[in-house]
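**Student:** Below, each chain spelled out in residue letters.
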Amino acid sequence: MSPFISIMSDSSLATESKPVILDILPDFPISGPGCAMRIQQQIDLWLLAIEALELGASEYMLQTIQQLNLQEIVKNRIVLWRLRSTNPWRRSYARDTLNLEQAKALVIIASYRAKTLTVQIRQLLLAEQQMREKGLPVNCHFLLAEYLDQFRSHFSSRMNPRRAKVSIYLASEAELNELALSLLKQLLFCTGTTGMQRFWISLFDGEVA
Amino acid sequence: MNVRRQYILPNCTLILEGFSDISSSNAQDELLTILVNAECYFVGIPQKLQGGRTFLENLVKSVSAYAQEYLSGIPHPQNHQSSEDKIDLETIPGDHLHRLTWYPSISVNNSPVELILTTVQLFDLVEGIDQFFADSRTLPDLTLKLQPVSRRYRPPDEPLAQRVIPASLGMASLVVAAFVLFLLPIPQVREPEPKTQPTPTQPLPNTTPSPSPNTGSTPSNP
Chain A
1 MSPFISIMSD
11 SSLATESKPV
21 ILDILPDFPI
31 SGPGCAMRIQ
41 QQIDLWLLAI
51 EALELGASEY
61 MLQTIQQLNL
71 QEIVKNRIVL
81 WRLRSTNPWR
91 RSYARDTLNL
101 EQAKALVIIA
111 SYRAKTLTVQ
121 IRQLLLAEQQ
131 MREKGLPVNC
141 HFLLAEYLDQ
151 FRSHFSSRMN
161 PRRAKVSIYL
171 ASEAELNELA
181 LSLLKQLLFC
191 TGTTGMQRFW
201 ISLFDGEVA
Chain B
1 MNVRRQYILP
11 NCTLILEGFS
21 DISSSNAQDE
31 LLTILVNAEC
41 YFVGIPQKLQ
51 GGRTFLENLV
61 KSVSAYAQEY
71 LSGIPHPQNH
81 QSSEDKIDLE
91 TIPGDHLHRL
101 TWYPSISVNN
111 SPVELILTTV
121 QLFDLVEGID
131 QFFADSRTLP
141 DLTLKLQPVS
151 RRYRPPDEPL
161 AQRVIPASLG
171 MASLVVAAFV
181 LFLLPIPQVR
191 EPEPKTQPTP
201 TQPLPNTTPS
211 PSPNTGSTPS
221 NP
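Chains as they are written, first to last, in the working numbering: chain A, 1 to 209; chain B, 1 to 222.
For reference, chain B alone in the conformation it holds in the complex (with noise of 0.2 Å):
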């Protein structure tokens, strides 16, 4: 049995429709297990995001750590999409939007689908999606973890430039100085010439204290 799940807000559609492989008497609890097609709708803009599980998987996983990169700042790594149906969001610098890129697979079309987006067009899709995880009848068997990236992934606090300003300094002003080193002329080295002086001090005869007493002795025995 045919099973649809729509999850609607403001900006941003997004439609499941497959069907369950358990019958269950009550429509309203039928759960969606096997996904044929999913579909994701913006307001005002024409194009529209279609695929099958794969397409969603990579849309709710690239969507999902991007709301996260958007919140904290920090870059969350993206490669463990595959390559059919991938889907790349980034910030379009000074422009406050965000490019939304579909790669949509061989099958259907070629050329990759791009859509921009606004920040209150890009949450109602974050909301769409966790909606969707929140809603226990809807392919119960995808799930999504969500955890902070690790230290290694955070930028540091200074941004490169500034950070190698002061060594590319110290570099330069050592190319400066090895230079004009260089062109200074080498000082010629004069070998000290052997000069024959006397030497300056020679050791006294040592016989004046010898007679000394003998002095001393001649006053008092005259």
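If we strip away everything but chain A, and leave its shape as in the complex, we get (with noise of 0.2 Å):
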């Protein structure tokens, strides 16, 4: 009985509060009302390295948001959709803002994620490591390459190519490559123990006074 009856207090309380999870990631005052572009940016890019990484991506995203209860603040794929396009870069790009909640609550959805694909990862760094180690270039192995394909696929399918930035990135395959090869060893240091704050924190460098 007593099980029972703590399960339907926790769901109460759920609903009425924030979703606790969130609690896990300090806050920081920012200034204005809404995140920096910079962060915004980041977030959206770790998120897409994470869709280069497996296929269906999107749909386990959307299985985490339920499964940590983020629902209240990602209702549905399109407003993650919508958050996720406060990126600059995207063709999208909404000119929106993302709040602190809606930032963690995308940072806390791509570092599940990139734990549940921590060997994945690792076997990625690894290859690339050995591919410098003998001066092959890296998408010479063949999971590099399929995932430094998804990669620029999903990149320049969905980023504004009239974005100076962009535009270098999608003139030159071996500096996309190197983004990609970037954002993989981000992801790595997020899926240690400390992983997701290191990962929150890291976002703030140079934003607080």
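What the hints contain is simulated information worked out from the structure, not anything from laboratory work. Treat each hint with caution, since some may be false.
In silico EDC-like pairs for lysine to aspartate or glutamate, Cα to Cα no more than 16 Å straight-line [as the list claims (entries may be wrong)]:
| # | chain 1 | residue 1 | chain 2 | residue 2 |
| --- | --- | --- | --- | --- |
| 1 | A | Lys75 | A | Glu59 |
| 2 | B | Lys145 | A | Asp27 |
| 3 | B | Lys48 | B | Glu114 |
| 4 | A | Lys134 | B | Asp29 |
| 5 | B | Lys145 | B | Glu39 |
| 6 | A | Lys115 | A | Asp27 |
Note that the structure is a prediction, hence the values are computed from the model and not measured.
Fit the two chains together into the complex; they arrive one by one in their own frames, and the hints show the way.
**Tutor:** The structure is reproduced here in structure tokens:
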């Protein structure tokens, strides 16, 4: 009887207050109503790298939202898409800003997804290291090539080529590969014990007073 | 009673040895409160890092700060390390590798020890440290506060070299212009010669209007 009662009380609490999981990440005073553009851009790029890592990543993201009780902030896939469209590089850039709760929710989703992909991320980075040691181009490795191809195709289909930085990446396959690999390395740090917090705090480096 | 804690990751092992000042019946729950020796190994690197409490404190501070720096790309200043067992981390440019330099205390060795780490090895070291901090049974007095660095440390969006270009162009053109103008002969100033010319306008005597009523009146009475 008692476990049933406790479950009831948990769910009623969750509906009336903010999702408790958001408290894992500390609050920082930010100037202005929303997050800095750099933060929005970075979070979307991390999610883009996750999408390049696994097929059907957006479905898994929606499942993670359900599991973590984040539906209040990210109700459905359209809301998720709109939150990601706060990245100024996007074709569908909406000139919206993420508030702290929304940014936290996206970082938590990214971290949970990255944790499930730990083995894959490590494999890819070890492969990268091997290729560099041998002096071979990184996309000669079949696993790496698959990830890099996926990342490049997601990037070119979703980012606005009229943005100067995007057009530089789109013009050079090597530069875009480097971006994909640096995002992969950041995701590796996200898979650790304190990874989510490290990830979140790094977003505010140079943004706080 | 001796206590030994190991944090084993695929590429890195962190071993902390010490003892507890509070005796407990259960060896599993025993707190490690006094650190005697800390060791850190990497797979494939023969050199190991080893030291006492100062070494461990320096290691966790610099590794943690470097990890944050690596994630955000914004430098975290490290000026609060004691000179003994100092640990520095830096990126080797263009190589995707990280250089860890340990300056061992004088009693052990004089020359600094350098390890070249890949990003995966670096991550395993960070993870070993994070697991140690998450473990409340090991050195509970040692804590790590992760914090973002202030706006002061944020590098400008454009590199210094690019920001200097417009200013230096301006200065250079000023110098060139000054030099060219210096070469030009100084124009001779010719004093204006005084000329004797009759003044073009002279006020006419104001006598003409006065006869006009007389002339106008003459036809009326001839």
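**Student:** Indicate, hint by hint, whether the structure satisfies it.
**Tutor:** These are the hints, each one checked on the structure:
Between Lys75 (chain A) and Glu59 (chain A) the CA atoms are separated by roughly 13 Å; this keeps the pair inside 16 Å, and the hint holds. Our distance criterion of 16 Å between C-alpha atoms is met by Lys145 (chain B) and Asp27 (chain A), whose separation comes to about 14 Å. In summary, the hint linking Lys48 (chain B) to Glu114 (chain B) is supported, as the alpha carbons are separated by about 10 Å, within the 16 Å threshold. About 47 Å separates the Cα atoms of Lys134 (chain A) and Asp29 (chain B), which puts this hinted pair outside 16 Å; it is violated.
For a cut-off of 16 Å, the pair hint linking Lys145 (chain B) to Glu39 (chain B) is broken: about 23 Å separates their Cα positions. Under the criterion of a C-alpha separation no larger than 16 Å, the hint pairing Lys115 (chain A) with Asp27 (chain A) is inconsistent with the structure, at around 23 Å.
In summary, the structure is inconsistent with hints 4, 5 and 6 from the numbered list given earlier, while agreeing with the others.
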